[in-house]
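Just so we're aligned, residue 1 is where the sequence shown starts under the working numbering, counting upward by one.
Some hints could be false.
Restraint ranges, calculated between C-beta atoms of paired labels, are given here [claimed, not checked]:
1) K86 <-> P578: 24 to 34 Å
2) L229 <-> M206: 43 to 53 Å
3) Q497 <-> D63: 47 to 57 Å
4) S463 <-> K331: 25 to 35 Å
5) R80 <-> P425: 22 to 32 Å
6) G173 <-> E280: 33 to 43 Å
7) P425 <-> F275: 20 to 30 Å
8) D63 <-> P425: 52 to 62 Å
9) F275 <-> E345: 28 to 38 Å
10) G648 <-> M188: 21 to 31 Å
11) K361 <-> S56: 42 to 52 Å
12) G173 <-> G347: 50 to 60 Å
Rather than coming from a laboratory, the hints here were simulated on the basis of the structure. Predicted model, so just to flag it, every value in this text is computed and none were measured. Cβ atoms here follow ideal geometry from the backbone N, Cα and C, with glycine treated the same way.
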Amino acid sequence: MKSNIKDEQNIAVYSKTPKLDQLKAEIQEMNTNAAFYHARTGHFYDTRYCLWSGQSPDGRKWDTDENGDIFPWEGASDTRVRLADKIIKERKRLRKLAFWGKRIVARALGSQNQDWAATVNPLLRWMLYTHGLDMINRELSLVWSYMDTLGAAVLGVFWQRETRLGDKEFDLGQLQQAAQETGDPNLMAMLETLTDPSRDEENIAMVQGFAPEVTGSEARAFLKDLRKLGTAKLKVPYIFKNEPRLMALRPFVDVLFDPALDNLQDGRLIVYREFIGETELKERAVSRGYSEKFITEALKHKGSTSFEIIDPLYSSQNSPRFRRTLLEDTKHLIELQHCYYRVSERGSTSIYCTVIHHDVKELYATHEPVEYDHGGMPFHSFTCEREERPIMESRGIPEIVSTWQTEKKIQRDARVDRTSIEVVPMMVVPKGMAGQVEVGPAQQVEQSRKGEYSFLQPPALGSTTKVVENDVDTEINEYFGRFSAQADPAMTMAARQELVTDTLNDLCAPIRQVFQLAQQYFTDEDVSKVVGHMKHPFHVGREEIQGMFDLEFTFDVRTMDIEFIQTIGGVMKDVIIPLDRQGTLDMTGLVRVLLQGIDPNIAETVQQQNTQVAQMQEVNDQQDRLAKIAVGIEPPQKPFSNPQLRLGVLQNVFQNNPGWQQRIQSDELFAKLMTKEVKMLRFSQAQSVTNPMIGRTGAKPVMGGDGSGMPAGDMGGMAQLGMGGMGQ
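Using the sequences and the hints given, assemble the complete structure.
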């Protein structure tokens, strides 16, 4: 079907100024189309938080206007079974365990970038687990909560710049010295103007051009102090924040898009709704270049919202927030709509961002191509399940467990009500002494014979109620991969592994964008403060940003089970290691894997400490071996784990002790022992990959012991020692 939208209205066709009417019309259409989703989310919210009409804080049913007829009696049980909430929290805890295990790895696409990857990894860890700790913990927690409750969520990845106003000191002497050293004609002309009192009006205009917020009187006082004292302070804006910003967004509440969309990166129009205060809006004239006229008009519409309905997240009448509208929640804030959309420009596709207010006519804050060099949309979808292509077809946990939760509630209420009758059973009283006959605890039922009292025994409670609830629990445990005696352990493990694998895979794209934005906006000086000296520049161009690295996350859910770690350790110790007669296993690597399974943070700390301790032990042991050789004692033959380090110790000794080189020429036993030591270390170094065990004991003893000794006169290794060849 041919579109009726003409080019002058079509937002997909480039124009120098935004097509505000069409943008607002499409936003309104998105709001209308989202009505189906708002109806669903109200039910999801009620199910998760156990909300229904006529609730009482004591968990009982009472006769109120909202309740109508009470079943089975007034004061009966009204249990809140928080099944959906429990499952959502369990899944969130598992995701957090996987993510905060610090298993993030930046893997270079090409081998030539491996050194660069070594710089990237500590920077990524700093950005995620140190600098952005609070933000990431908050936003990821919200994303996982939204996606499991509502079925889907969106994570926005932006770069945040924020300014503050502060004093900046200017030194006239330093400026003059800089002008002389650089020979900058513009700086010299500016200084000549500033020091001329007769050109004050010109000087004031120059100062206000540098700092627009400065008044004329402040500029005049600044110039006076600069000439009289040689230094002066001026209030100027400075960069307070220059960092990535993640935002957890609710579909069709915080962010709008085509309900049939399956990938936000392919979105035609995505609208991010933001509520900000007056101060922040005014500040954006400096930090983001917002139009002053737009800001003035937008401030006239505080509290106005593009939603004419109650907050869709709490759209159920059972919610305590039923009568709280968005207008009431945001009456002191200004709603901005950030419209990200694809534009056909010069035969290619560009992504533009236009910031508008729905009540501001003919004005906009900004309209420009998205400045992010990664070239993508700054939005990423997260879904609770992947069974249909469109994002919004994903079901949330409350939708899946709603009937199960109701079944459990019915059984719980039945058992509580049964207990109430058993504790205070119905009483049979003489005729004429009972009140109105009702069924319930402590009620009185009249009988025909006078003068007799007795308790009415309720029917025996069968096992059906527990069987029903146990069956429900079994189904739930199997469906969601929860550990239980009835569930298949293999399928349970597979379900939990699937959950964390999908979670980490979903996070790769947004975190990759965080890193790409850092490459664009962080300076090399900023990065060097975190990672130290860099061999390569961090701040790079668009081509490098779009294609240098892949991010890789790994997590084995079985490592959560300490019994699994113990089993692996036992099998390695009792079965695998005894079979490794050629010494092909890297025992250090095995220990690293087991430690990471127990706790990655402990593993990282222990490994760093152990590395330093192990190196020092190697150095001390090699020095002890040299001391024995010096007095004519042959050191015991044993495997070497770091032959390169030991060769460095030998080389250092010979370079700093000329007497040792002379002794090689005069002491035949000393020469043989040293030759054997060097040969053994070099052989170990050369063979450590292909045959580690043989490489560690590749030379035979000189004096008896385990071997026949090296042939006398084999001085090849020691000849190189005297020439500084040790360890080459």
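Hint by hint, here is what the structure shows:
The hinted window of 24 to 34 Å between K86 and P578 is violated, with their beta carbons roughly 46 Å apart. For the pair L229 and M206, the supplied restraint of 43 to 53 Å is violated, since their beta-carbon distance comes to about 19 Å. At about 51 Å, the CB distance of Q497 to D63 agrees with the hint of 47 to 57 Å. The hinted window of 25 to 35 Å between S463 and K331 is violated, with their beta carbons roughly 57 Å apart.
For R80 paired with P425, a C-beta distance near 27 Å keeps the hint of 22 to 32 Å intact. For the pair G173 and E280, the supplied restraint of 33 to 43 Å holds, since their beta-carbon distance comes to about 39 Å. In this structure, P425 and F275 break the distance hint of 20 to 30 Å, their C-beta atoms being roughly 58 Å apart. Between D63 and P425 the beta carbon distance is about 23 Å. The supplied range of 52 to 62 Å is therefore violated.
F275 and E345 have their C-beta atoms about 31 Å apart, which keeps the hinted 28 to 38 Å range intact. The beta-carbon spacing between G648 and M188, approximately 56 Å, falls outside the hinted interval of 21 to 31 Å. Here the CB-CB span from K361 to S56 is close to 50 Å, well matched to the stated 42 to 52 Å. The given range of 50 to 60 Å is respected by G173 and G347, whose C-beta atoms sit roughly 56 Å from each other.
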